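Peer 1: Each step along the sequence shown adds one to the number in the UniProt record's numbering, with nothing skipped, and position 75 is 75.
Watch out, some of these pointers could steer you wrong.
As the list claims (entries may be wrong) - Taking lysine to aspartate or glutamate pairs in the EDC-like style, the calculated list, with each CA pair at most 16 Å apart, reads:
id, residue 1, residue 2
1, Lys133, Asp110
2, Lys97, Glu60
3, Lys154, Glu66
4, Lys379, Asp464
5, Lys33, Asp136
6, Lys52, Asp107
7, Lys375, Glu258
8, Lys70, Asp110
9, Lys412, Glu258
10, Lys401, Asp464
11, Lys77, Asp107
12, Lys5, Asp414
13, Lys52, Asp110
14, Lys401, Asp357
15, Lys19, Asp91
16, Lys328, Glu378
17, Lys97, Asp54
18, Lys79, Asp54
19, Lys57, Asp91
20, Lys52, Asp122
21, Lys17, Glu60
22, Lys411, Asp365
23, Lys326, Asp364
24, Lys412, Asp464
25, Lys412, Glu362
26, Lys328, Asp275
27, Lys154, Glu60
28, Lys328, Asp287
29, Lys70, Asp107
30, Lys97, Glu134
31, Lys52, Asp91
32, Lys77, Asp30
33, Lys328, Asp364
34, Lys17, Asp50
35, Lys94, Asp122
To be verified - Now the in silico label distances, taken between C-beta atoms and shown as ranges:
id, residue 1, residue 2, range
36, Thr310, Gln73, 43 to 51 Å
37, His381, Glu244, 53 to 61 Å
38, Trp235, Asp320, 24 to 32 Å
39, Ile276, Arg164, 18 to 26 Å
40, Lys379, Asp122, 45 to 53 Å
Treat the hints as calculated values from the structure; they're not laboratory data. The model shown is predicted, which means the values in this text are computed figures rather than measured ones. Glycine included, C-beta positions come from ideal geometry on N, C-alpha and C.
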Amino acid sequence: MNSNKIAVCQMTSVADKGKNLSVVSKLVNDAAKDGAQMIFFPEACDYICDNKNDIVKFAEPILTGEIVNKYKQLAAKYKVWLSMGGVHEKDESKPDKMFNTHLIINDSGDIVQAYRKLHLFDVEIPERNVRLKESDFSHAGGHVVTPVDTPVGKIGMAICYDMRFPELSTALSIMGAQMLTYPSAFTYTTGEAHWHILLRSRAIENQCYVVAAAQTGHHNAKRRSYGHALCVNPWGEVLADCGEESPSYKIVDVPNEELVRVRRNMPVFQHRRRDIYSLYTLSLRKDLLPVHMQHSSISDAPRERHDGPTHVFGQVQIPDKCVFFKSKLSYAFVNLRCVIPGHVLVAPLRLAERNEDLSEEEADDFYRTIRLVQKLMEKVHGTRSCTVTIQDGPDAGQTIKHLHCHIMPRKKGDFIENDLIYLELAKHDQLKSGHPSKPARTLQEMETEADFLRKEIQKMLQSDNDLNR
Numbered sequence: 001m002n003s004n005k006i007a008v009c010q011m012t013s014v015a016d017k018g019k020n021l022s023v024v025s026k027l028v029n030d031a032a033k034d035g036a037q038m039i040f041f042p043e044a045c046d047y048i049c050d051n052k053n054d055i056v057k058f059a060e061p062i063l064t065g066e067i068v069n070k071y072k073q074l075a076a077k078y079k080v081w082l083s084m085g086g087v088h089e090k091d092e093s094k095p096d097k098m099f100n101t102h103l104i105i106n107d108s109g110d111i112v113q114a115y116r117k118l119h120l121f122d123v124e125i126p127e128r129n130v131r132l133k134e135s136d137f138s139h140a141g142g143h144v145v146t147p148v149d150t151p152v153g154k155i156g157m158a159i160c161y162d163m164r165f166p167e168l169s170t171a172l173s174i175m176g177a178q179m180l181t182y183p184s185a186f187t188y189t190t191g192e193a194h195w196h197i198l199l200r201s202r203a204i205e206n207q208c209y210v211v212a213a214a215q216t217g218h219h220n221a222k223r224r225s226y227g228h229a230l231c232v233n234p235w236g237e238v239l240a241d242c243g244e245e246s247p248s249y250k251i252v253d254v255p256n257e258e259l260v261r262v263r264r265n266m267p268v269f270q271h272r273r274r275d276i277y278s279l280y281t282l283s284l285r286k287d288l289l290p291v292h293m294q295h296s297s298i299s300d301a302p303r304e305r306h307d308g309p310t311h312v313f314g315q316v317q318i319p320d321k322c323v324f325f326k327s328k329l330s331y332a333f334v335n336l337r338c339v340i341p342g343h344v345l346v347a348p349l350r351l352a353e354r355n356e357d358l359s360e361e362e363a364d365d366f367y368r369t370i371r372l373v374q375k376l377m378e379k380v381h382g383t384r385s386c387t388v389t390i391q392d393g394p395d396a397g398q399t400i401k402h403l404h405c406h407i408m409p410r411k412k413g414d415f416i417e418n419d420l421i422y423l424e425l426a427k428h429d430q431l432k433s434g435h436p437s438k439p440a441r442t443l444q445e446m447e448t449e450a451d452f453l454r455k456e457i458q459k460m461l462q463s464d465n466d467l468n469r
């Protein structure tokens, strides 16, 4: 499809969920009749209350909540995709707070993705008697969500205040986003000063469409929103502005060729100086969280079935095809979740949980293998440095009960701050949390890398033997 039709919506949510749902239903009905393939709603499209207690009390779980179920029914009935820009998600484990969660629902009524707002709007100006602290009643999210495939393009998910943090939008655009979303309930004062400037800036610097559905008008005696729901093209031109009318929507055609043309004529992504600076996403998520899945099951092993022999690695099995080197007492294998490209592991063949559990012979062999694999990975990845680390024991971050060494070839600028690699390493295989920050690679990807490394290490060993003759 060369052109995609979207609807960007504007409304004035109140504390009555039923009234808000009626507004959402009418907007979906009308926009669908106008040919919208995807309809974008603002933050707090479910309700806006004037006190913390009601904000938390009215929140519902995503899977069993009545409001989200109604949204899913609307999507299926009208055969449209919906971006529900911020619903109040009940946190059943900590009932004193909730999450601000952006949902994408497909035209079959299925939740495709859920993003929890990362940046919470906390402003306190005592001399002006201003106190707006979202953290009083909301938890911050824990992941950047990779762009979502939809009929109108790859969508990068964000919410309102997130727009003030360009690192997020840049990360999403680098990962292939074609459209950035900022469903919002912007305050009137900040909206007058910054709304158009910020959204046009995010579009220009990332060469993406920007869609920002908005709340507008007086929600209660305490709160007023700015409105001006926008759609901006990759050149920074405003294609639609809903002003302060409520409820309202604008239909916009977002032609693919416009994005392609802008990126071709000004190829900023090719001009990035990755040798000087880089942007590394510390906590990335591709799949839905288990709490948002109808039937979730978590496994840290590759999902595809594999035939043939395996090696014991703590509580999991490593397919032999993922092993690229074996010595007498140790082996090296590719990683399921890589902190950086080239992240591989070395472990003793015997199930030894801690460093202290190795025999002297095993320890000698283990360290020799680490040195050999480090040399290989630096050669293959063209580096002169490696992070070589062992998390020895649970308090050091060890989650696999089998001694292993992480070997990660390093390049200048691969992390904004060099030591952040240890933070990422500590999080990259969060088995207990049920939602690791890195998506698992496929078995085919791992086998292909192992086969390549197997051949390269044989070449290196042969070359070393020739030099020693």
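Peer 1: Look at each hint and say if it fits the structure.
Peer 2: Against the structure, the hints come out as follows:
With a C-alpha separation of about 33 Å, the suggested pair Lys133 and Asp110 falls outside the 16 Å cut-off, and the hint is violated. Distance restraint check for Lys97 and Glu60: the Cα-Cα separation of roughly 11 Å lies within the 16 Å cut-off, and the hinted pair is therefore satisfied. Restraint check: the Cα-Cα separation between Lys154 and Glu66 comes to about 28 Å, which exceeds 16 Å; the hinted pair is violated. About 13 Å separates the Cα atoms of Lys379 and Asp464, which keeps this hinted pair within 16 Å; it holds.
Only pairs whose Cα atoms come within 16 Å are accepted, and Lys33 paired with Asp136 is rejected, the gap being roughly 41 Å. At most 16 Å may separate the alpha-carbon atoms for a hinted pair to count; Lys52 and Asp107 exceed this at roughly 34 Å. For the hint linking Lys375 to Glu258, the alpha-carbon distance of about 46 Å lies beyond 16 Å, and the restraint is violated. Under the criterion of a C-alpha separation no larger than 16 Å, the hint pairing Lys70 with Asp110 is consistent with the structure, at around 12 Å.
With a C-alpha separation of about 35 Å, the suggested pairing of Lys412 with Glu258 is violated against the 16 Å cut-off. Proposed proximity of Lys401 and Asp464 is contradicted: the alpha carbons are some 34 Å apart, above 16 Å. This hinted pair checks out: Lys77 and Asp107 have alpha carbons roughly 8 Å apart, not beyond 16 Å. A distance of roughly 38 Å separates the Cα atoms of Lys5 and Asp414; the hinted pair therefore is violated under the 16 Å criterion.
Annotation: proposed proximity of Lys52 to Asp110 is violated, straight-line Cα distance about 30 Å (limit 16 Å). Distance restraint check for Lys401 and Asp357: the Cα-Cα separation of roughly 12 Å lies within the 16 Å cut-off, and the hinted pair is therefore satisfied. The suggested pairing of Lys19 with Asp91 is violated, with an alpha-carbon distance near 24 Å, which exceeds 16 Å. The straight-line distance between the Cα atoms of Lys328 and Glu378 is roughly 23 Å, outside the 16 Å bound, and the hint therefore fails.
In summary, the hint linking Lys97 to Asp54 is supported, as the alpha carbons are separated by about 11 Å, within the 16 Å threshold. Proximity of Lys79 to Asp54 is assessed by CA-CA distance (about 33 Å); at most 16 Å being required, the pair is judged violated. For the hint pairing Lys57 with Asp91, the CA-to-CA distance comes to about 11 Å; that is within 16 Å, so the pair holds. About 14 Å separates the Cα atoms of Lys52 and Asp122, which keeps this hinted pair within 16 Å; it holds.
For the hint pairing Lys17 with Glu60, the CA-to-CA distance comes to about 11 Å; that is within 16 Å, so the pair holds. Annotation: proposed proximity of Lys411 to Asp365 is violated, straight-line Cα distance about 28 Å (limit 16 Å). A threshold of 16 Å between alpha carbons decides the hint, and for Lys326 with Asp364 the separation of about 14 Å falls inside it, so the pair holds. Distance restraint check for Lys412 and Asp464: the Cα-Cα separation of roughly 28 Å exceeds the 16 Å cut-off, and the hinted pair is therefore not satisfied.
For the hint linking Lys412 to Glu362, the alpha-carbon distance of about 34 Å lies beyond 16 Å, and the restraint is violated. For the proposed pair Lys328 and Asp275, the alpha carbon gap of about 39 Å is over 16 Å, so the pair is violated. Pair hint Lys154 plus Glu60 does not hold up; C-alpha atoms about 28 Å apart against a cutoff of 16 Å. For the given pair, Lys328 sits about 39 Å from Asp287 by alpha-carbon distance, which is inconsistent with the 16 Å threshold.
Only pairs whose Cα atoms come within 16 Å are accepted, and Lys70 paired with Asp107 is accepted, the gap being roughly 13 Å. Note on Lys97 and Glu134: the hinted pairing holds, with a Cα-Cα distance of about 10 Å set against a maximum of 16 Å. Using a Cα cut-off of 16 Å, the hinted pair Lys52 and Asp91 holds, with the two alpha carbons roughly 15 Å apart. Of the supplied pair hints, the one linking Lys77 and Asp30 holds, its CA atoms being roughly 13 Å apart against a limit of 16 Å.
Restraint check: the Cα-Cα separation between Lys328 and Asp364 comes to about 11 Å, which is no more than 16 Å; the hinted pair holds. As the CA atoms of Lys17 and Asp50 are separated by approximately 14 Å, the hinted pair is consistent with the 16 Å bound. Between Lys94 and Asp122, the direct Cα distance comes to roughly 20 Å. Violation of the 16 Å bound is thereby established for this hinted pair. The hint said 43 to 51 Å for the Cβ distance between Thr310 and Gln73, and at roughly 45 Å that hint holds.
Under the hint 53 to 61 Å, the C-beta atoms of His381 and Glu244, about 55 Å apart, fit the expected range. Between Trp235 and Asp320 the CB atoms are about 53 Å apart, so this pair departs from the stated range of 24 to 32 Å. The given range of 18 to 26 Å is respected by Ile276 and Arg164, whose C-beta atoms sit roughly 25 Å from each other. At roughly 49 Å, the beta carbons of Lys379 and Asp122 sit within the given window of 45 to 53 Å.
Comparing the model with each earlier hint shows violations of hints 1, 3, 5, 6, 7, 9, 10, 12, 13, 15, 16, 18, 22, 24, 25, 26, 27, 28, 35, 38; every other hint is respected.
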